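My request is simple: use the sequences and hints to build the entire structure.
Below are the chains, spelled out letter by letter.
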Amino acid sequence: MEIVALIAVAVFLFTYALIIDERIHRAVAAMLGAAIVVFLGVVSWEGLLQHIDFGTIFLLMGMMIIVNTARGSGLFEYIAIRTTKLAKGSPIRVLILFALVTAVVSAFLDNVTTVLLLTPMLLYVSKVMKLNPVPFLVTEIFASNIGGAATLIGDPPNIMIASSAGLTFNEFLIHLGPIMVVNMVILIGLMYLIYGRSMKVDPGEREEMVRTLNSLDERAAITDRALFRKSVIVIALVVLLFFIHDRIGEILHTFLPFVDPAMGLQPAEVALIGAAILLVWSRQPPEEIFEKIEWPALFFFGGLFVIVGALVETGVIASIASVMVENVGSTGEAMFIVTWFAAIASAIVDNIPLTAAMIPLIHDLGATMDVYPLWWALALGACLGGNGTIIGASANVVVIGIAEREGISITFIDFLKIGMLVLFVTVAVGLGMLWMTFVV
Amino acid sequence: MGYSSSLIQRKFKDIVGRRYESVLKEYSEFLLTEEEMLIPEVRSILIPLDLFVHDISDEAIDVLSTYNATISLAYITDARVIELLEQALDHASTEEFRAKKEEYGRELLERTAAKLKGHGITTQTRMFVGHKGDDVVRMAKNYDLVALCRRYADGESTDVSISPTVLRICQRVATPALIY
Chain A
1 MEIVALIAVA VFLFTYALII DERIHRAVAA MLGAAIVVFL GVVSWEGLLQ
51 HIDFGTIFLL MGMMIIVNTA RGSGLFEYIA IRTTKLAKGS PIRVLILFAL
101 VTAVVSAFLD NVTTVLLLTP MLLYVSKVMK LNPVPFLVTE IFASNIGGAA
151 TLIGDPPNIM IASSAGLTFN EFLIHLGPIM VVNMVILIGL MYLIYGRSMK
201 VDPGEREEMV RTLNSLDERA AITDRALFRK SVIVIALVVL LFFIHDRIGE
251 ILHTFLPFVD PAMGLQPAEV ALIGAAILLV WSRQPPEEIF EKIEWPALFF
301 FGGLFVIVGA LVETGVIASI ASVMVENVGS TGEAMFIVTW FAAIASAIVD
351 NIPLTAAMIP LIHDLGATMD VYPLWWALAL GACLGGNGTI IGASANVVVI
401 GIAEREGISI TFIDFLKIGM LVLFVTVAVG LGMLWMTFVV
Chain B
1 MGYSSSLIQR KFKDIVGRRY ESVLKEYSEF LLTEEEMLIP EVRSILIPLD
51 LFVHDISDEA IDVLSTYNAT ISLAYITDAR VIELLEQALD HASTEEFRAK
101 KEEYGRELLE RTAAKLKGHG ITTQTRMFVG HKGDDVVRMA KNYDLVALCR
151 RYADGESTDV SISPTVLRIC QRVATPALIY
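Chains as they are written, first to last, in UniProt numbering: chain A, 1 to 440; chain B, 1 to 180.
What the hints contain is simulated information worked out from the structure, not anything from laboratory work. The reader is advised that the hints may include incorrect statements.
Below are the EDC-like pairs computed for lysine to aspartate or glutamate, each with C-alpha atoms no more than 16 angstroms apart in a straight line [stated by the list, open to error]:
(1) A:K85 - A:E207
(2) B:K13 - A:E404
(3) A:K292 - B:E21
(4) A:K127 - A:D21
(5) B:K13 - A:D21
(6) A:K88 - A:D217
(7) B:K25 - A:D21
Here the structure is a predicted model, which is why all the values come from computation and not from measurement.
Structure, rendered in structure tokens:
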């Protein structure tokens, strides 16, 4: 192996170690790694611009603007209170409804924001019900990761895969949507079997508990009614645009003949258009909204793309791909390996750098086999693998971090036992369904 | 703190930053705290009265009657005013002033007690010369609730703001306070 290839591998592994340990902020670690490969000339300036996936970065940026603007209206608190009231004091209904709401919101908005806004409400509900909050919290984590896996915009690995492979929102919905619906049913069943018996409310206290929960006023959560309305409309419009982003020209051409019917919008363009509309319409101070963009996350992605770019430029990825091609006989076999490797690796290490490294590998495999099914295998493994451990996905870290701050302990081993069960069951079901679609 | 726990907190801080604090602040606007969730048992209520409290509103009585508690009405004449009068006027004039104030106080106590009795509330009355702020804070320790008129110890101003003495009492008492 050439010296530059060794440097690229060493920087990748060193950065990965820093990201896992997180003693240095992961964005700083990624920038440091990128700085090293650029400084040593492993990646040129032209190469740097080529390797940074601006589709991913702009899509994340656009969605962050939309979510942070909408947040100011109290939209998410409103959803949380409505969900609580719908449960009518039944712990099982709280578990199911919050799991469904978390999954649906995570499918369209980022998982971290979803769990960050729903977890305080879940903790409050469990406190009122005098129940152990752990079953609700772990279900929320799994639901967030499963829901996020269902759409192109639900989870960063999906955004990265879609941007690199040119996959559409509807393709994600068709191939991963049904898998995640089935997995949600399985998850709720599993959680019921594991925790159902311990989720009983004292009948004598039930009436008072329901009264307390019903006294929550969802309208009081809405801090800005006009912004609330505008946020709901723009989010609905953005979701609609995602559904039709690849054939927007065809639709517009019927009303506006000068529009090229072959025109399509990239998902990142949809998100930025939505962000622009909401900023103009809501008249929110842009400085405040732009301040809330999670710049560290964007720089983290930027740095990673450069580090992985170094692996591509030095031929490391191509070498791994050729080894894989020599040892893998068919697309089905490759699907199996990619899914399980991505799932198990994502449970242990951050799935974003993993996906960033796997994407060029799958592109390279494209020279010898049909890689279309492999994109779904990677998305499935990288997203659902996060359920395996407490550090497997950002949603896990956020929920467990909040729980610890509120004095609720969920140990690594306790989570691992349930997380690994959920990981293996949901990935196996997902792989089975993909197998039926692409192999059988 | 074990490695797993400190790792989670480091990752949490890096992923969430200060957003969790702002989310908690937003939720605290409309979610009850653990203390607020407990329904306090109120068996005794203190209502201080003075020259500037002319009546107890019907809304306040509606709320107070729900507790099924004994209400102590305390009419307080400001000791500093009496002191100033003693310095400025002769003894007879001061006594005359004090007698007039006491008579007003007795009437107010009787009228208020009768109104509360009409709503089925048991009352006790007392009248003394003292400090309108300090004495209420001291007495409040023996009661479950203090109900304060926003005009208490205020003067005859017509604006709707809460009297500074009432605000100071609320800041100092550990007992829950109700302002009417």
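Comparing the hints with the structure gives:
1. A:K85 - A:E207: Judged against 16 angstroms, a Cα distance of about 13 angstroms means the pair holds.
2. B:K13 - A:E404: Since the Cα atoms of B:K13 and A:E404 sit roughly 13 angstroms apart, the hinted pair holds (cutoff 16 angstroms).
3. A:K292 - B:E21: holds (14 angstroms)
4. A:K127 - A:D21: Outside the cut-off at roughly 33 angstroms; violated.
5. B:K13 - A:D21: Holds - the C-alpha atoms of A:D21 and B:K13 are around 13 angstroms apart, at most 16 angstroms.
6. A:K88 - A:D217: With a Cα-Cα distance of about 14 angstroms, the restraint between A:K88 and A:D217 holds, given a limit of 16 angstroms.
7. B:K25 - A:D21: This hinted pair is violated, its Cα atoms lying about 30 angstroms apart.
When the structure is compared with the earlier hints, violations turn up for hints 4 and 7 and for no others.
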